[in-house]
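Residue 224 is where the sequence shown starts when you use our numbering, and the numbers rise one by one after that.
Some hints here could point you the wrong way.
Cross-link-like lysine-lysine pairs, in silico, DSS-like; alpha carbons within 30 Å at most [to be verified]:
no., residue 1, residue 2
1, Lys337, Lys263
2, Lys294, Lys279
3, Lys279, Lys228
4, Lys294, Lys236
5, Lys225, Lys287
6, Lys236, Lys263
7, Lys238, Lys263
8, Lys326, Lys294
9, Lys279, Lys327
10, Lys263, Lys294
11, Lys317, Lys337
12, Lys263, Lys279
13, Lys317, Lys327
Hints are computed from structural coordinates only; laboratory data are not their basis.
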Amino acid sequence: VKFRKQILDSLDKIKFNNVYIAGHSMGGIFAILCSVDIFKRCSNCNVNTVVFGTPKIGNEIFSKYLGILNKDSRYNLTLVANDNDIITQIPSTKYVHPNVVYKKFYMDYGNITKNHSINNYNNAHVLNSLNKVNIRNIS
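Whole structure, please, built from the sequences with the hints as guidance.
This is the structure:
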């Protein structure tokens with residue numbers, strides 16, 4: 224809560240048009256929540272968020288809400304997940320991934336830890352697949 228207030232207060236003092244947010248794992252969850260906060264706070268800015276290897280966030284209602292936000296040209300949320308990353312499959316009940324651009328790939332790096340590692344999300348295969356995601360060009 225303390226950091227949220229500091230971030231939002233700082234953003235109120237700065238004039239900006241575009242915000243870019245990224246996160247991995249639980250950091251991806253915080254990136255999504257932060258993106259919604261900023262989008263609701265700043266009516267004239269574009270918020271672009273890409274998250275990697277996040278657990279499922281929220282229930283079906285929250286998922287639909289993010290899907291509705293993602294239809295607004297000023298809000299863009301993309302999830303990137305390795306189908307072999309167990310973290311993207313939990314929790315297994317009642318929680319769902321948001322109804323947004325969801326870019327999946329399959330790579331087996333040999334164990335659960337490596338399959339979830341940010342280093343393995345940052346490779347040519349994954350980055351090339353991201354190039355095919357329609358991340359809105361904001362000038």
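| said: For a quick check of understanding: which of the numbered hints are violated here, in increasing order? | reply: 1
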